[in-house]
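> Residues per chain are reported as follows:
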Amino acid sequence: MSGAVQQQAEPAGAAGSPTVIRNARHRPSTLKLCYHLAVSNSLYLLLAPFAAALAHRLSRHPLPDLAAAARSALTANPPLAVALLGLAAVLATVYLARRPRAVYLLDFACYKPGPEHVVTRETFMRQSAAAGVFTDENLAFQRKILERSGLGQGTYFPRAVLNSPPNPCMAEARAEAEAVMFGAIDQVLAKTGVRARDIGVVVVNCSLFNPTPSLSAMIVNHYKLRGNVASYNLGGMGCSAGLISIDLAKQLLQVHRNTYALVVSMENITLNWYWGNNRSMLMSNCLFRMGGAAVLLTNRGGAARRRAKYQLVHTVRTHQGADDRAYRCVFQEEDASGRVGVALSKDLMAVAGEALKTNITTLGPLVLPMSEQILFLASLVGRRVFGLRSLRPYLPDFKLAFEHFCIHAGGRAVLDTIEGSLGLSAWHMEPSRMTLYRWGNTSSSSLWYELAYTEAQGRVRRGHRAWQIAFGSGFKCNSAVWRALRDVDPAEEVGNPWVEEIHRFPVEVPKVESVVAAPAS
Amino acid sequence: MAPLGSSRSSSKAKALKALYELVVNNFLATVAVATLAAVLRTAWPIGNDGLYGWLQAARPVHVLTAVILTVALVKLRRMRRPRDVYLVEYGCFRPKPWFRAPYATCLEHVRLMPYLADEEDIAWGRRLLQRSGIGEETCVPYAYHYVPPDRSLGASRDETELVIFSAVDDVFARTAVKPEEIDVVIVNCSIFTPTPVFADMVVNRYKLRADVRSVNLSGMGCSAGLISLQLAKNLLQVAPPGTHVLVVSTEILSSQYYVGSKREMLLPNCLFRMGAAAMILSNSPERARFRLARMVRTVAAALDAGYRCVFQEEDDEGNMGIRLSKDLVATAGQTLKSNIVAFGPLVLPVSEQLLVVLSLLKRKLLSLRRGSSKVRLYSPDFRTAFEHFCIHAGGRAVIDEVQRGLGLSDEDVEASRMTLHRFGNTSSSSVLYELAYIEAKGRMKKGDRLWMISFGAGFECNSAAWECVTPAANADGPWIDCIHRYPVQLPKVVEGII
Chain C
1 MSGAVQQQAE
11 PAGAAGSPTV
21 IRNARHRPST
31 LKLCYHLAVS
41 NSLYLLLAPF
51 AAALAHRLSR
61 HPLPDLAAAA
71 RSALTANPPL
81 AVALLGLAAV
91 LATVYLARRP
101 RAVYLLDFAC
111 YKPGPEHVVT
121 RETFMRQSAA
131 AGVFTDENLA
141 FQRKILERSG
151 LGQGTYFPRA
161 VLNSPPNPCM
171 AEARAEAEAV
181 MFGAIDQVLA
191 KTGVRARDIG
201 VVVVNCSLFN
211 PTPSLSAMIV
221 NHYKLRGNVA
231 SYNLGGMGCS
241 AGLISIDLAK
251 QLLQVHRNTY
261 ALVVSMENIT
271 LNWYWGNNRS
281 MLMSNCLFRM
291 GGAAVLLTNR
301 GGAARRRAKY
311 QLVHTVRTHQ
321 GADDRAYRCV
331 FQEEDASGRV
341 GVALSKDLMA
351 VAGEALKTNI
361 TTLGPLVLPM
371 SEQILFLASL
381 VGRRVFGLRS
391 LRPYLPDFKL
401 AFEHFCIHAG
411 GRAVLDTIEG
421 SLGLSAWHME
431 PSRMTLYRWG
441 NTSSSSLWYE
451 LAYTEAQGRV
461 RRGHRAWQIA
471 FGSGFKCNSA
481 VWRALRDVDP
491 AEEVGNPWVE
501 EIHRFPVEVP
511 KVESVVAAPA
521 S
Chain F
1 MAPLGSSRSS
11 SKAKALKALY
21 ELVVNNFLAT
31 VAVATLAAVL
41 RTAWPIGNDG
51 LYGWLQAARP
61 VHVLTAVILT
71 VALVKLRRMR
81 RPRDVYLVEY
91 GCFRPKPWFR
101 APYATCLEHV
111 RLMPYLADEE
121 DIAWGRRLLQ
131 RSGIGEETCV
141 PYAYHYVPPD
151 RSLGASRDET
161 ELVIFSAVDD
171 VFARTAVKPE
181 EIDVVIVNCS
191 IFTPTPVFAD
201 MVVNRYKLRA
211 DVRSVNLSGM
221 GCSAGLISLQ
231 LAKNLLQVAP
241 PGTHVLVVST
251 EILSSQYYVG
261 SKREMLLPNC
271 LFRMGAAAMI
281 LSNSPERARF
291 RLARMVRTVA
301 AALDAGYRCV
311 FQEEDDEGNM
321 GIRLSKDLVA
331 TAGQTLKSNI
341 VAFGPLVLPV
351 SEQLLVVLSL
361 LKRKLLSLRR
371 GSSKVRLYSP
381 DFRTAFEHFC
391 IHAGGRAVID
401 EVQRGLGLSD
411 EDVEASRMTL
421 HRFGNTSSSS
431 VLYELAYIEA
441 KGRMKKGDRL
451 WMISFGAGFE
461 CNSAAWECVT
471 PAANADGPWI
481 DCIHRYPVQL
491 PKVVEGII
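So the protein sequences, as listed, match chains C and F. Counting from 1, one number per residue, gives the positions in the first sequence under the numbering used here. Counting from 1, one number per residue, gives the positions in the second sequence under the numbering used here.
Keep in mind that a hint or two might mislead.
With a Cα cut of at most 27 Å, we get these calculated BS3-like pairs of lysine-lysine [what the hints assert, rightly or not]:
#1 C:Lys346 x F:Lys207
#2 C:Lys224 x F:Lys337
#3 C:Lys144 x C:Lys511
#4 F:Lys326 x C:Lys224
#5 C:Lys191 x C:Lys144
#6 C:Lys511 x C:Lys399
#7 F:Lys492 x F:Lys441
#8 F:Lys17 x F:Lys441
#9 C:Lys357 x F:Lys207
#10 F:Lys17 x F:Lys445
Selected chain F positions facing chain C (Cβ under 7 Å, derived; list incomplete) [as the list claims (entries may be wrong)]:
#11 Thr70
#12 Pro196
#13 Arg213
#14 Gly219
#15 Met220
#16 Val238
#17 Gln312
#18 Leu348
Stretches of chain C that chain F covers, calculated by requiring three or more beta carbons in the stretch to come under 8 Å of a beta carbon on chain F [to be verified]:
#19 83 to 91
#20 152 to 158
#21 182 to 188
#22 278 to 284
#23 334 to 341
#24 383 to 396
I should point out that these hints are in silico values taken from the structure, not numbers from a laboratory. By construction, the Cβ of each residue, glycine as well, lies at the ideal position given by its N, Cα and C atoms.
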């Protein structure tokens, strides 16, 4: 599949037979590819003549003569030879000790709620209407959002919100947290065979639900983890908190040796349903759904390294909070009637675009191949130094740096913006769009559902690089780059939430899906 | 009056103990001195010419290689030690007098809300306050001064901005570190978590850099301050030299006022007070005031008793509150003991550890011989390891218990008792108010060692050992307007509250 040209149906417009598009993955042209290969292997190309000359020179002498010459040089001065060897050993140790420890992803698991948690668009409208707090205009507004949201009919809600009447309370919120976290963690421990007492680091992030004692204490309690486990509970850090937890676990694994780190990302819907009539706060009701993921990282070598799926290559964190406009664009406050909700400002898309730009400005030099960086530099120099204003600013092609893209499924508009900004194709955007369709916006865990989709479609091969990027309140934009250490065979992925239904995907998601009006009852 | 003979023998015993400590604690130095003496005795006299001649005989390249190897080995040994972490400066929120909640105010407010508490509850509350060790100057947020208290999100945000920004302003005013130099910001607050969160608030207010790493810990209880400290230490150990971390510890009270009637959930209303503290930590020794030596964290959440002893939940009427269970004291004691058992070997001098080991052996031997024999283990004297102690001001009973268990004097726990009296239980920031007390009294000298210990929901117990590098330059701090009145004598029961 990796070598063939993808065939995809034309998106909504051509209503009849699907047309075949060549180069739907937007592969680079032949000229660009040759240039890219030449620059990436420039070191070898430059050194080749010297290597050839050296080989020619050495071939003049027979091999035994060379060996004898080397041996005599060493035996002439034993103390010096020993001292030099010792020095070489010390320098090698110093170099190896200074390198950061590699962090591997053993496996991850995404929580799949049972069928009793399914909320169709119709169920959502019925529950909202039955709540009796929303005005008719706001019900119509929510219907409109839902129709254009890109969410499907199989997303999940916790039972407290689906009950009639809904009963959000602390006990229900704890029950939801337990179901999601323990469901995901049980799966990941079963998949990897790691024992709970071998876990040395636990990082949990959940933005809107932070009980005392913390969710990380809940995990320590349920799984009877060690008394010296380094457990941390990140609260309120938004939809990009999953990558913040990964970054934190990476730093902690540099200090804690030979251990496993459990990272759990989730969000809690039960206590965060908005029961008011402020339009900017109603958006989150329509988009957020139940879900969670557990990731097991390790810095162990040997058997663990051989079983690991990915290696964490880079994490880049950007914080736009210094700018007031960015800081206020996702803001939790009370509305006019005193009800608490999270308001999304109209500047959200613009702020997200700026945050993305800042993030990839830092990430680009770390991951882009030299060929792209040269082109970018050339266009920059041309525009600034030589004043060639007519030269368009060069947009680096990230498809040469990554094979897979996991973009936080925050909403359809966000995905459209990023698709345009980065010049990605529908094939690259497929995991993100399908996750939004199948699971809704599960906040920080959506990136893991997207990676699970990529695996379930059999797209992941050894050496492939995946880019996870998420935005969230603050305003923060975080990226993580993973490299696959082995091929991932979907047939072996038992716990993957997509495997049983992957044959149904990809699904064509129309721009507008009608919501059947519930009959008056 | 004791007979003269016994006082002479007790002073002889003291001298013997001091000599024992000197020899055992500086064992390597003793051995080195003895070896040097033996060598000098046999090789004396060494002439300068002898040494010079020996050097001349060796080939220069050998000498050079030997020198390089030695330097490389020393650097290697230095590299294997993790980087030292230093406290550059700390600052505390200084509440203004109009936030005060004297006993009379507390009781009057409760009487104005008869739906909250009946006369029995008020009597119970009065008894609690009388025995709590909390003084009349402790402060509560604006929200609590309203009747009924204002538990809205807006009130909580106001309190947050007041306490956090004051503490951070204070710490930046006392140091030359600028906000642009902060690389990591860690904020901890257990109960209240808005969106965007406190760490983002700090980034926004102080215009921190775009690549700052922010971390916000929630739900981690009264020991979250030291948990944040341990996280900062781990991050600094793997960061390049010159990294600065800003740690802010607070507890926001406005939204967590319990409006039900269950006694075990009313305790936080009575005991918690408003406070916040900020620290700047670094991994380079310039401008440093304290060096962080060792930290030990003990998590008892694996046991159900530990997990449930401080638990946030709704009561039967649906009011949210924090329930303190009946076995809180027992759990706390056990967790404290585990923590001290793990912490002791890291900080106690060898002489004390040897005595503990000997007493363990003695107990083992005696139990083997006579079945189970109850020989009391030697309890090590932590005053040989530390000059000052900061015990989280969780409550009067807690401080008393810890004092008794560790065998500390009243001067040792004075900082904790006086902080409880002046500021109340400010949760995770209390240990820094206690440090401020010790410095305000001028008791902190260069080289003094300090033990900070705190415990809280989870159930967790954390210990941190500090060493003073530079004492405070001036007496400025949260105690500046009242230190001359301290220490005060705390009666067992405060009389005269109506």
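> Compare the structure with each hint and give your call.
Hint-by-hint comparison with the structure:
no.	hint	result
1	C:Lys346 x F:Lys207	holds (23 Å)
2	C:Lys224 x F:Lys337	holds (20 Å)
3	C:Lys144 x C:Lys511	holds (12 Å)
4	F:Lys326 x C:Lys224	holds (23 Å)
5	C:Lys191 x C:Lys144	violated (41 Å)
6	C:Lys511 x C:Lys399	holds (26 Å)
7	F:Lys492 x F:Lys441	holds (25 Å)
8	F:Lys17 x F:Lys441	violated (31 Å)
9	C:Lys357 x F:Lys207	holds (19 Å)
10	F:Lys17 x F:Lys445	holds (25 Å)
11	Thr70	violated (11 Å)
12	Pro196	holds (5 Å)
13	Arg213	holds (6 Å)
14	Gly219	holds (3 Å)
15	Met220	holds (5 Å)
16	Val238	holds (4 Å)
17	Gln312	holds (4 Å)
18	Leu348	violated (19 Å)
19	83 to 91	holds (count 6)
20	152 to 158	violated (count 0)
21	182 to 188	violated (count 0)
22	278 to 284	violated (count 0)
23	334 to 341	holds (count 3)
24	383 to 396	violated (count 0)
When held up to the earlier numbered hints, the structure conflicts with 5, 8, 11, 18, 20, 21, 22 and 24 and fits the remainder.
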